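There are 2 protein chains.
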Amino acid sequence: MTQATFPAAPDKHALEEGTWLAPRFGSDGLVTAIAVDADTGEILMLAHMNAEALARTLETGEAWYWSRSRGALWHKGATSGQVQTLVEMRVDCDQDALLLRVRVGGDGGCCHTGRRSCFYRRVVSGPEGPVLEPVHSAHENRAV
Amino acid sequence: MTQATFPAAPDKHALEEGTWLAPRFGSDGLVTAIAVDADTGEILMLAHMNAEALARTLETGEAWYWSRSRGALWHKGATSGQVQTLVEMRVDCDQDALLLRVRVGGDGGCCHTGRRSCFYRRVVSGPEGPVLEPVHSAHENRAV
Chain G
1 MTQATFPAAP DKHALEEGTW LAPRFGSDGL VTAIAVDADT GEILMLAHMN AEALARTLET
61 GEAWYWSRSR GALWHKGATS GQVQTLVEMR VDCDQDALLL RVRVGGDGGC CHTGRRSCFY
121 RRVVSGPEGP VLEPVHSAHE NRAV
Chain E
1 MTQATFPAAP DKHALEEGTW LAPRFGSDGL VTAIAVDADT GEILMLAHMN AEALARTLET
61 GEAWYWSRSR GALWHKGATS GQVQTLVEMR VDCDQDALLL RVRVGGDGGC CHTGRRSCFY
121 RRVVSGPEGP VLEPVHSAHE NRAV
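Chains as they are written, first to last, in the UniProt record's numbering: chain G, 1 to 144; chain E, 1 to 144.
Certain hints may be false.
As the list claims (entries may be wrong) - If you anchor each label on the Cβ, the simulated ranges turn out as follows:
hint: 1; chain 1: G; residue 1: His136; chain 2: E; residue 2: Ala14; range: 17 to 23 Å
hint: 2; chain 1: E; residue 1: Thr19; chain 2: G; residue 2: Thr79; range: 28 to 34 Å
hint: 3; chain 1: E; residue 1: Gly105; chain 2: G; residue 2: Asp107; range: 38 to 44 Å
hint: 4; chain 1: E; residue 1: Gly105; chain 2: G; residue 2: Thr79; range: 20 to 26 Å
As the list claims (entries may be wrong) - According to the in silico footprint, chain G covers these stretches of chain E (three or more CB under 8 Å from chain G):
hint: 5; region: 17 to 27
hint: 6; region: 41 to 49
hint: 7; region: 73 to 81
hint: 8; region: 100 to 113
Worth flagging that the hints you see were computed from the coordinates, not collected in a lab.
Since we're looking at a predicted model, the values are computed, not measured.
Think of the CB as a built atom: it goes at the ideal place given N, C-alpha and C, for glycine as much as any other residue.
If we strip away everything but chain G, and leave its shape as in the complex, we get (with noise of 0.2 Å):
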């Protein structure tokens, strides 16, 4: 396998308004990766992306991670149906995060827990400080 590379923008200027997609991966080689339900709008999940998994995503229009709790390439979905097809992709302004518009297949699930979205717990206030509370519906559960 080759390794994949991505140029380097050569200045700022090139790198917020320029057309090389340059990503500016940290010193762990990743940068963040948000999937978002292409129709819905809906956060699906957080991510993170190499080189390689950048790569994979351009090439084959799904969805590739690179996994920090087992140090490997995620095909996401390749197991559990829940293929994440590429709609569109979009880079932030100083190219360290990304934003994928997907389709999920299988049961539209993202989570491991098996709910459709990871973000499915709100932060309300408690008399002993901030506490969890799930957020219930579907509807609800849009972040629109």
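For chain G, the structure is supplied; the task is to place chain E on it using the hints.
Positioned in the frame of chain G, the structure of chain E alone reads:
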């Protein structure tokens, strides 16, 4: 100033299913925070919080981040007027990412380039590899 602290979840079940806000700050002391428009669901920006930024956000109802480039706490909008008023905060399954649903003050912008959202470019295929093109309209700029 007292040091902001949050509990650590005693086990995986408490982390994922419990009612404790037990953020898992990384080795750099940070969790990732995604800010979205509370009304439209548009993804506005991705930033980071340390314990102090998270505590101040919960106390004040306005988004505070940790600026990695400046190495300092960052009250978003303190100089620009683009204060992010918190409507709801969610946490993900393993509590290393936060989702902030916000309403943006001032001119409504979030990005230091002057744009409303930091995600103003999409990745498209070019003859020599992936390139970026602008996401033009306000409508298209919504992740819905």
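Next item on the list: Could you check the hint for me, namely that E/Thr19 and G/Thr79 are 28 to 34 Å apart, CB to CB?
Entry: 31 Å, holds
Check: In this structure, is the beta-carbon distance linking E/Gly105 and G/Asp107 contained in 38 to 44 Å?
Finding: Given a distance of about 40 Å, which is inside 38 to 44 Å, the answer is holds.
Note to self: Assuming the hint says 20 to 26 Å, is it satisfied by the Cβ distance from E/Gly105 to G/Thr79 or not?
What the structure shows: 45 Å Cβ-Cβ, so the 20 to 26 Å window is violated.
Notebook entry, point to check: Holds or violated: the region 100 to 113 of chain E covered by chain G, criterion of 3 or more residues with Cβ-Cβ distance under 8 Å?
Noted result: holds (count 4)
Item checked: 17 to 23 Å as the expected CB spacing between E/Ala14 and G/His136, which holds or is violated -> Given a distance of about 20 Å, which is inside 17 to 23 Å, the answer is holds.
Next item on the list: Given that the region 17 to 27 of chain E was listed as covered by chain G, double-check it with a C-beta distance under 8 Å for 3 or more residues.
Entry: holds (count 5)
Check: For the region 73 to 81 of chain E, do at least 3 residues have a Cβ located nearer than 8 Å to some Cβ of chain G?
Finding: violated (count 0)
Notebook entry, point to check: With a cut-off of 8 Å between beta carbons, are at least three residues of the region 41 to 49 of chain E near chain G?
Noted result: holds (count 5)
In this structure, the hints that do not hold are numbers 4, 7, in rising order.
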